[in-house]
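**Q** Below, each chain spelled out in residue letters.
Number of protein chains: 2
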Amino acid sequence: MKEISIPFKQIGTIQTPYYSNAPYQPVDTAEDNFSIAINREYVDGLSDLWKFNYAYVLFYAHKAQGRAEMVVAPPWAKGKKVGLFSSRSPSRPNPIGLSVVRIKDVKENIIFISGIDVFNGTPLLDIKPYIKDLDNKSDANYGWLDELDNKEHLTLHIKGIPHEH
Amino acid sequence: MKEISIPFKQIGTIQTPYYSNAPYQPVDTAEDNFSIAINREYVDGLSDLWKFNYAYVLFYAHKAQGRAEMVVAPPWAKGKKVGLFSSRSPSRPNPIGLSVVRIKDVKENIIFISGIDVFNGTPLLDIKPYIKDLDNKSDANYGWLDELDNKEHLTLHIKGIPHEH
Numbered sequence: 001m002k003e004i005s006i007p008f009k010q011i012g013t014i015q016t017p018y019y020s021n022a023p024y025q026p027v028d029t030a031e032d033n034f035s036i037a038i039n040r041e042y043v044d045g046l047s048d049l050w051k052f053n054y055a056y057v058l059f060y061a062h063k064a065q066g067r068a069e070m071v072v073a074p075p076w077a078k079g080k081k082v083g084l085f086s087s088r089s090p091s092r093p094n095p096i097g098l099s100v101v102r103i104k105d106v107k108e109n110i111i112f113i114s115g116i117d118v119f120n121g122t123p124l125l126d127i128k129p130y131i132k133d134l135d136n137k138s139d140a141n142y143g144w145l146d147e148l149d150n151k152e153h154l155t156l157h158i159k160g161i162p163h164e165h
Numbered sequence: 001m002k003e004i005s006i007p008f009k010q011i012g013t014i015q016t017p018y019y020s021n022a023p024y025q026p027v028d029t030a031e032d033n034f035s036i037a038i039n040r041e042y043v044d045g046l047s048d049l050w051k052f053n054y055a056y057v058l059f060y061a062h063k064a065q066g067r068a069e070m071v072v073a074p075p076w077a078k079g080k081k082v083g084l085f086s087s088r089s090p091s092r093p094n095p096i097g098l099s100v101v102r103i104k105d106v107k108e109n110i111i112f113i114s115g116i117d118v119f120n121g122t123p124l125l126d127i128k129p130y131i132k133d134l135d136n137k138s139d140a141n142y143g144w145l146d147e148l149d150n151k152e153h154l155t156l157h158i159k160g161i162p163h164e165h
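Here the protein sequences line up with chains A and B, keeping their order. So the first sequence is numbered by my numbering: it starts at 1 and just counts up by one. So the second sequence is numbered by my numbering: it starts at 1 and just counts up by one.
In isolation and in its complexed conformation, chain A is listed as follows (with noise of 0.2 angstroms):
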């Protein structure tokens, strides 16, 4: 199959206090200094956003170098290897990332949002609504990571609960 290329381009910037290190899943903090900034000739595309608890923020993965590994072996997995479309590694073959946040408030061209995973200065490239029927799966499941050990313990690291080690 012949390769394509497609171009995307930066809508935005996300905010974090995260310069040197990032958690590798959203950590639920009650700090406010999280939040996205819009490009100003998107600001009218906000509007009503405020009214959905959660949104998807996907983003351009800025930091992932290198090519990407077809079988990972993701954080705290001790060692497992699985396929990189059964991670969450941010090296793909198309760096896009994808988090579900809590939308806290819309201000302007600002989002205020629950704590993400990502570097400060991340390029925005899409928001999303998250929407009820449509997104939320109660049958969803873990599905390898049923397999590990230390389940419980990743369980905490994966709803970003702060806990000691």
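FYI, nobody ran anything at the bench for these hints, they're computed from the structure. Wrong hints could be hidden among the right ones.
Heads up, the list lumps identical chains together, so a pair's fine if it works in one copy or across two of them.
[As the list claims (entries may be wrong)] With a cut-off of at most 25 angstroms between alpha-carbon atoms, the simulated DSS-like pairs for lysine-lysine come out as follows:
#: 1; residue 1: 81; residue 2: 104
#: 2; residue 1: 63; residue 2: 80
#: 3; residue 1: 63; residue 2: 81
#: 4; residue 1: 80; residue 2: 151
#: 5; residue 1: 9; residue 2: 63
#: 6; residue 1: 107; residue 2: 80
#: 7; residue 1: 137; residue 2: 151
#: 8; residue 1: 107; residue 2: 51
#: 9; residue 1: 51; residue 2: 81
#: 10; residue 1: 51; residue 2: 151
#: 11; residue 1: 51; residue 2: 104
#: 12; residue 1: 107; residue 2: 9
#: 13; residue 1: 107; residue 2: 81
#: 14; residue 1: 63; residue 2: 78
#: 15; residue 1: 78; residue 2: 51
#: 16; residue 1: 151; residue 2: 78
#: 17; residue 1: 80; residue 2: 51
#: 18; residue 1: 151; residue 2: 81
#: 19; residue 1: 104; residue 2: 80
Just so you know, these numbers come straight off a predicted model, no measurement behind them.
Since the structure of chain A is provided, determine the placement of chain B on it from the hints.
**A** Then chain B, alone, in the frame of chain A:
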């Protein structure tokens, strides 16, 4: 802000029975004719994916034409106008589509999935596992959809439940 161009590539193709019309949201159909063919070089990345009940499919909405409008009138919303980023319209600054699909089976480079609301031949950008604690938000809501008179009817469309008009 200087506009940067981020090149993405097609990593596979989504196969559906929709050639000229597609539903606005996934339809949960018993038909077995929805699948994703991933390019051969990425087949090792599909390992363990079958262990998940659901996955996110990110695709290039290649039929979305023209300039994205910041205020849109979604189908079935009876003329209500909302901000683009409060909608799932495919015409966006970055036409990246996102659907949650059920994983039925994975055989070699083919993923058999539940219904997805895209045209046959849609370029695949990424697949990510939908992980229970991370992506299942039990307190998600309907946002502006709650304001519609015909919300119950609309919910049938959102859920993809066949019904008479």
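**Q** Each hint should be assessed against the structure and marked as holding or not.
**A** Each hint, compared with the structure:
{"no.": "1", "hint": "81 / 104", "verdict": "between (37 angstroms within a copy, 22 angstroms between copies)"}
{"no.": "2", "hint": "63 / 80", "verdict": "within (24 angstroms within a copy, 40 angstroms between copies)"}
{"no.": "3", "hint": "63 / 81", "verdict": "within (22 angstroms within a copy, 37 angstroms between copies)"}
{"no.": "4", "hint": "80 / 151", "verdict": "within (12 angstroms within a copy, 45 angstroms between copies)"}
{"no.": "5", "hint": "9 / 63", "verdict": "both (16 angstroms within a copy, 18 angstroms between copies)"}
{"no.": "6", "hint": "107 / 80", "verdict": "between (43 angstroms within a copy, 22 angstroms between copies)"}
{"no.": "7", "hint": "137 / 151", "verdict": "both (21 angstroms within a copy, 20 angstroms between copies)"}
{"no.": "8", "hint": "107 / 51", "verdict": "within (13 angstroms within a copy, 41 angstroms between copies)"}
{"no.": "9", "hint": "51 / 81", "verdict": "between (40 angstroms within a copy, 14 angstroms between copies)"}
{"no.": "10", "hint": "51 / 151", "verdict": "between (35 angstroms within a copy, 15 angstroms between copies)"}
{"no.": "11", "hint": "51 / 104", "verdict": "within (10 angstroms within a copy, 34 angstroms between copies)"}
{"no.": "12", "hint": "107 / 9", "verdict": "within (23 angstroms within a copy, 34 angstroms between copies)"}
{"no.": "13", "hint": "107 / 81", "verdict": "between (43 angstroms within a copy, 19 angstroms between copies)"}
{"no.": "14", "hint": "63 / 78", "verdict": "within (24 angstroms within a copy, 43 angstroms between copies)"}
{"no.": "15", "hint": "78 / 51", "verdict": "between (40 angstroms within a copy, 18 angstroms between copies)"}
{"no.": "16", "hint": "151 / 78", "verdict": "within (11 angstroms within a copy, 47 angstroms between copies)"}
{"no.": "17", "hint": "80 / 51", "verdict": "between (40 angstroms within a copy, 15 angstroms between copies)"}
{"no.": "18", "hint": "151 / 81", "verdict": "within (15 angstroms within a copy, 45 angstroms between copies)"}
{"no.": "19", "hint": "104 / 80", "verdict": "between (36 angstroms within a copy, 24 angstroms between copies)"}
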